[in-house]
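Put together the whole structure using the sequences plus the hints.
As a plain string of letters, each chain reads:
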Amino acid sequence: MGTKRRDFLKKTLALAGTAGLAGAAPGLMRAAYASSGEIHVGVLFSLTGGTSIVERSMSETCLMAIEEINAAGGLLGKQIIPHVEDPASDPKVFNEKARKLVLKDRVDCIFGCYTSSSRKAVLPVVEKRKNLLVYPIWYEGLECSKNILYGGAVPNQLLENGIPWGVNKMGRKKIFMVGTDYVFPRGMARITKQILEKTDAEWVADEYLPFGHTEWATIVKKIRDSGADMVVSSVVGNSVIAFHREFVNQGLSFDDITFLSTVTTEIEVAAMGVEYAEGSYITLPYFQTLDTPENKRFVDAYQARLGKDAMTHNGVEGVWNSVHLWEKAVQNAASSAPLEVIAGVQLNPPSVVGPQGLVKFDPVNLHVTQTPRIGRVRSDGMIEVVDEYPQAIGPLPYYGEGERYDNRMCTMSGAVI
Amino acid sequence: MFEIFTIGISIGSIFVLVALGLSIIYGTMNVINMAHGEMVMLGAYTAVLSTIHLGINLFWCIPIAFIVTGIVGYVTERLLIRRLYGRLLDTLLATWGLALLLQQAIRVEFGLSFFGIHVPGLGAGMQNVPVPELLRRSFEMGGANISVYRLFVFFVTLVLVAITWYLLKRTSFGTQLRAVTKNRQMAACLGIDDKRVNALAFAYGSGLAGIAGVLVAGFKIVSPDMGTPYVIDAFLVVVAGGVGSIVGTVATAGIFGEITAIVATVANDVYGRVAILITVILILLFRPNGLFSVKAR
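So the sequences go chain by chain: D and V. Here our numbering is used: the first residue of the first sequence is 434, the next is one more, and so on. Here our numbering is used: the first residue of the second sequence is 8, the next is one more, and so on.
In short, the hints are calculated from the structure, not lab data. Take these hints with a grain of salt, some might be off.
In silico contact screen, one side only, chain V against chain D (beta carbon under 8 angstroms); selected entries [said to hold, decoys possible]: (1) ILE18; (2) PHE121; (3) MET133; (4) ASN135; (5) PRO139; (6) ARG143; (7) ARG144.
Every residue gets a Cβ at the ideal spot worked out from N, C-alpha and C, and that includes glycine.
Here it is in structure tokens:
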């Protein structure tokens, strides 16, 4: 009996020793990574699942931008190695994959996330492990993490132009807000109401329906009955198609009721059929039709990679901007270590001339400036600019709470409310 | 007020479209078909592909979708369901598996996307079906704004219900089907080919779902996972209306439609859904066999 126990202990220890060594071996090897001439980054966009239709294009654009940098000689003389993971549109899997990228692949930053729920699932990982998430999409604000570089617009950069444009330029007086039932549309509605208080227009109602809801008859009827002459739509995902179709089917016209969307891009317009979107408006900083040399180069490179019918949209433009902004930040900091990059952004905010124009980091809240624009959907599915600011405006992620340029709430050390 | 009524009728007609096929399949053959929603989805994709590759308009997609999903239903019955008669839980599992297979088949474009081949109209994304200009209008009647498309859906539903009723009650096929439902062995003894009757009934039910898919694609979403909510709605209607009763299905669908419209106007659509579910629970509490149950031996 004693011999058996000794044998058992010997075997277990041997196994544990080997396993430990095998587990540590990559770490031992990776200690050499830093000086091996490679920078490792994570690419965390859903390639399968509900939101993959948009996120796949973002993943491709991220790889395209990384290849551009590598082809031009790399970053700090090193090649960037992307680790692509597929979180399958599930926030839980986003969390797991982020942890895997940070702990096992030892990446210096993660480019990823599209929905706010996925970003909120990755946030604890990068904060706890002192890593960096570069989040390239416009979102609802109200966040101030010191481990995330936010490469997309926040509500004040979408609504500060959109709502006054509707009231003043289009002469609308009664605003009806519609959205999907989660934090982004509700945040947008709150900010819309605050902006409207300073005008002589009024909001008449705000209605929300769950993700994927397809029966819009009653809400469109409510829009008609309320006498609203402007609709601000933050409907996300598939339901926007059913919404537009119902709107048109009930005989409402985009000429009589100004339809302003904050989330619809070229992709959703194609998915719903142009005849149901033509004449509606969108407030976003980027459209494929923008006439800048950077945009021409970007669209050509994108279509060379994904086909001549591929459409660029604000999501992929944000990814491209974010990768190049991060590249500049790493060059400024002379290091790709996450915390040093973040400190470098705060001291010496990088900027890049992207497809939409100049995009620059705000050193205080780690968000970027954006040039607000309003576009009108054309009969060929493209969106043409009808209004644009002459230059970019700064981000105020806590605008709904009263944050203004002279009253910052998202500061260098965190949110102060 | 009248408009809420018309909206309710329209929502109800969509319920009827989807539930009618299931009423035949579940009602007459006692097969729990979890793939019924995917038949709706296949009908929608048939419309998408026909519009893109054949260039026809929505009206002609209806018979094409009926034939395509009818064939898929027939093949399903021959290969899968036939071996599982009487085994309720097994049919549930098997048809659920079939539903997943069909969803993924569309998503990976029947495997072609593995080879880098992309078929326009398939894939993981959202598709759309162009609706003829004729149907994109609306008009006023009795103070209500009525969308021509919804009226069209309502008329197609009426026609389908009439055809189904006629099929079941006035043709020899219908009589055979009802006989097989009552007592399969006895019907077989009397010379009825029960296997063929079942296969055709399953095909017909799936075909009806396909037509529902075409109509629904005109004004709702088309994506690989669009079918699942429809199978849930279909079962709610069929079970609450009374298994095996066409009248029950139609009446319950109408009731559900009106409840949704009224509650959604007063509150919002989420509460409308809650109201329907509470109604189903109440119906089943007080009449466990459904509202219009057919007397079984």
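Hints and how they fare:
1. ILE18: 6 angstroms, holds
2. PHE121: The hint is violated - PHE121 (chain V) has no Cβ within 8 angstroms of chain D, the shortest such distance being about 13 angstroms.
3. MET133: Because about 4 angstroms separates MET133 (chain V) from the closest Cβ in chain D, which is inside the 8 angstroms limit, the hint holds.
4. ASN135: 4 angstroms, holds
5. PRO139: 11 angstroms, violated
6. ARG143: Since the shortest Cβ distance to chain D is 6 angstroms, the answer is holds.
7. ARG144: Hint holds; ARG144 (chain V) Cβ to chain D Cβ min 7 angstroms, cut 8 angstroms.
The structure is inconsistent with the numbered hints 2, 5, although it conforms to all the rest.
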